[in-house]
Amino acid sequence: MQSAVLFKAVSRLYGDVRAVDAVDLDVRAGEFFAMLGPSGSGKTTSLRLIAGFELPTAGEIEIFGESAKGVPPYRRNVNTVFQDYALFPHMSVRDNVAYGLMIAGMGKKQRHAKAEETLELVRLPGYGDRAPSALSGGQRQRVALARALVNQPKVLLLDEPLGALDLKLREQMQEELKSLQQSLGITFIFVTHDQGEALSMADRVAVFNQGQVQQVGTPEEIYQRPDTPFVADFVGSSNVLPAELVRELTGVAAPASLRPEAIRIGQGEAHAATVNSLSYTGAVTKLGLQFRQIQLSALVPAGMPVPERGTSVAIGWDRTALHMMGQGK
Amino acid sequence: MNPSVTASPAVLQRKPGLLARFSDLLWRRPTVLLAVLLAPPVLWLGVIYLGSLFALLAQSFFAIDEFTGLVQYEWTLKTYGELLRPVNLDIITRTVTMAACVTVFAAIVAFPIAYFAARYARGRWKAVFYLGVMLPLWSSYLVKVYAWKLILAKEGILTWGFSKIGLMPLLELILAIPVIGGNSLSVSYIGTFLVFLYVWLPFMILPMQAALERVPVSLLEASADQGANPSETLRHVLLPLALPGVVAGSIFTFSLTLGDYIIPQIVGSSRLFIGQAVYAHQGTAGNIPLAAAFTVVPVVIMGFYLWGAKRMGAFDAL
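Residue numbers (UniProt numbering), protein chains in the order written: chain A, 1 to 329; chain B, 1 to 318.
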């Protein structure tokens, strides 16, 4: 499959800080690709490198097979949806959406028609005359999306576009973005620190930490078979068992991940643990367990008996639930 | 019961005393606080400042008796008729043209400086910028103007510099331009213009910088992202958003030039500007009504200027 964006050992340094540190990436044409990581992990800088707002200190970026070396943002057929939307406050919604077309020299009538068409696509028909300041956060987000899509970019970059929306709106936009991407067939590259968002939307996910890519894979791969303790912990807060403990349990000296939902609680299980915290979250109750020298978290689905704090319980898991990892970077 | 709880102080701590009660009152009634804070400036602006402005306006509708030289307190438009005589119109045209030139050039010179300060200067460089812009304002205006007279004089450093680098013919060519040229820079309109430009430049830079600083970087990036090259971004995004700052700065440079009477007196040809005319009429000539009428001119011009700027949408982004 063709690469939409290819990173070859790309680094971006700010003085001594390695914001992006020798990253190799291969984003395939037409896929929904998520860059996931905590703040300061290099995911946004990577996005800005693709857009051309930053230039790599070392390494090379190819966009659809062409080297992007020295190409300014305004000569790249990629468009960005900014985190703060970056709508032009002195222009109407229509002029915002038609901005790229105006710059490209399209006539007024034609570009206004195209802008209206794109506003319909993001379900804001007839909003063209309004000022951006008269819109809600969710509507501004859609205008920003329309402004990026109207240029029919080869790659659409989204920098935490849903971060400022409330939960309900965010979930709705997640679905809309996903179906939009599937119907348009444009490569979406999506930056987020929300692992749930990344897992539910993306075809593939790259997990960033400290300027490096820890793992690239499908959401299932990332979730079920994390490569490193960081990925296990960050993507859905898995329990990470240190190598020492894993050797005692299985004889293999390697750190392992154990998903909270894989831990069974009840009589007849093999190991003893003490309940030292409980937190009720609705669908499940999260248990904090003291198991030998480490803390484990486990989940009790609603409706099941919840043990009391301070009591000791028997816990167990399937052998296959224990996923061995490398030491990680 | 836990003894430490009973020993703790009351939850609601009432405090006796007049001052405490007064501050409580201000907290409960913010309008009282507002009234206390606003009364002095409102008195100052409303009564003393606007009051004298209206007194001035009233003066311009009186006229002096040509034989006795005394002001006759009867409503008349005679003074305005006098204002519109060619010699006085000349003064007005000269002053307005100068103010417009100074404003346009100040905007052009100030923009890159303000842009650098808003976008790139951080920490120490920001301090250097503010110091560099403000420092000239700390020294006496008269000192600066006389310094410029020396710089621009025929024997001054500028002429000397031009001759040292062999550009004397260029300087002579500039001075040979009719009307704005002259014997030397210090007695030409070019000289007056240069001094005005120098003296009022900080008043253009500072509001411009404030306006540019409020333009988020992401808007410039969004423009580039949409395919606009830097000059298109300047035209379509940066300038429209900086316009309130430019207008604010131009109000300063324009009105300050309109009203100044010292610079054209020290540097330039001996032809009068509005400020000098006011000075002369209210002083030696004793024609207070005409001086008042001259003073009304900049007020009216600024009124039209602001009205035009508002219609252009200069304040929409505020």
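Hints are computed from structural coordinates only; laboratory data are not their basis. Errors might be hidden in some of the hints.
[What the hints assert, rightly or not] Cross-link-like lysine to any residue pairs, in silico, SDA-like; alpha carbons within 20 Å at most:
id, chain 1, residue 1, chain 2, residue 2
1, A, K109, B, K78
2, B, K164, B, I180
3, B, K310, A, M91
4, A, K69, B, A280
5, B, K78, B, V96
6, A, K108, B, S255
7, A, K286, A, R264
8, B, K310, A, K109
9, A, K168, A, M91
10, A, K108, B, R235
These are the hints, each one checked on the structure:
| no. | hint | result |
| --- | --- | --- |
| 1 | A/K109 - B/K78 | violated, 56 Å |
| 2 | B/K164 - B/I180 | violated, 24 Å |
| 3 | B/K310 - A/M91 | holds, 17 Å |
| 4 | A/K69 - B/A280 | violated, 68 Å |
| 5 | B/K78 - B/V96 | violated, 23 Å |
| 6 | A/K108 - B/S255 | violated, 39 Å |
| 7 | A/K286 - A/R264 | holds, 13 Å |
| 8 | B/K310 - A/K109 | violated, 28 Å |
| 9 | A/K168 - A/M91 | violated, 29 Å |
| 10 | A/K108 - B/R235 | holds, 18 Å |
In this structure, the hints that do not hold are numbers 1, 2, 4, 5, 6, 8 and 9, in rising order.
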